[in-house]
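Undergrad: Residues per chain are reported as follows:
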Amino acid sequence: AQSVTQLDSQVPVFEEAPVELRCNYSSSVSVYLFWYVQYPNQGLQLLLKYLSGSTLVKGINGFEAEFNKSQTSFHLRKPSVHISDTAEYFCAVSETSGSGGYNKLIFGAGTRLAVHP
Amino acid sequence: DVKVTQSSRYLVKRTGEKVFLECVQDMDHENMFWYRQDPGLGLRLIYFSYDVKMKEKGDIPEGYSVSREKKERFSLILESASTNQTSMYLCASSLEGQADTQYFGPGTRLTVL
Chain A
265 AQSVTQLDSQ VPVFEEAPVE LRCNYSSSVS VYLFWYVQYP NQGLQLLLKY
315 LSGSTLVKGI NGFEAEFNKS QTSFHLRKPS VHISDTAEYF CAVSETSGSG
365 GYNKLIFGAG TRLAVHP
Chain B
426 DVKVTQSSRY LVKRTGEKVF LECVQDMDHE NMFWYRQDPG LGLRLIYFSY
476 DVKMKEKGDI PEGYSVSREK KERFSLILES ASTNQTSMYL CASSLEGQAD
526 TQYFGPGTRL TVL
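As they're listed, the protein sequences go chains A and B. So for the first sequence, my numbering puts the first residue at 265; every next one is plus one. So for the second sequence, my numbering puts the first residue at 426; every next one is plus one.
These are computed hints drawn from the structure, not numbers from a lab. Misleading hints may appear alongside valid ones.
[As the list claims (entries may be wrong)] Derived DEER-like restraints, expressed as beta-carbon distance ranges:
1. S490/B to A265/A: 21 to 29 Å
2. L315/A to V437/B: 38 to 46 Å
3. R376/A to V437/B: 43 to 51 Å
4. M479/B to A265/A: 21 to 29 Å
5. T508/B to G317/A: 45 to 53 Å
6. Q523/B to K333/A: 21 to 29 Å
No residue lacks a Cβ here, since even glycine has one placed at the ideal position from N, Cα and C.
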């Protein structure tokens, strides 16, 4: 079974500084990778996804992530963060479930990004 | 825009009570999911459904059951609530063949006393 490790549970950063949120996944033949964001008191929303093609994926709100197959990583980056980016960020990998062949998501534990003025 | 709604934002129940959590989506999605979210553990899949009256166990189904009588509605049932089921419960939906691009509801924070 797939697993996802988010290496930092909390990341404090000052406004306008760059940030990287780290994500590693367990090895597989092929993977689909995702970053979701959860703003306070809200559900999750998709930030970006890697299915195939270019290893650098751009998402909403200026975020991007790079798929690195040799390091089994999918780190999320933003060159300059805003106060409004304060949220919890979840990395996820798609896995095929059981005999039915259905796809499902396996989530990491989450990284809480706190942007300070 | 896809909208996924959950019946309650906050719920307080007593140990042993039967609890129903309701989820409704308005975009005719085939797939629906129930997760629980706990600090330090992320989201864990309880049950999912790919069609009406169809259900599949997720990673932590023990103590839960589900019902999907209509395409737009997916219910999570705690037959006899226990304190270790105190958690945030999130519902999600997605199109057929796109189970990995899910749309989430705002969550229900359940406290079992």
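Undergrad: Hint by hint, note whether the structure agrees.
TA: Tested hints:
1. S490/B to A265/A: 21 to 29 Å: holds (23 Å)
2. L315/A to V437/B: 38 to 46 Å: holds (41 Å)
3. R376/A to V437/B: 43 to 51 Å: violated (26 Å)
4. M479/B to A265/A: 21 to 29 Å: The hint (21 to 29 Å, Cβ to Cβ) holds, given that M479/B and A265/A are roughly 22 Å apart.
5. T508/B to G317/A: 45 to 53 Å: Holds: the Cβ-Cβ distance is about 47 Å, inside 45 to 53 Å.
6. Q523/B to K333/A: 21 to 29 Å: holds (23 Å)
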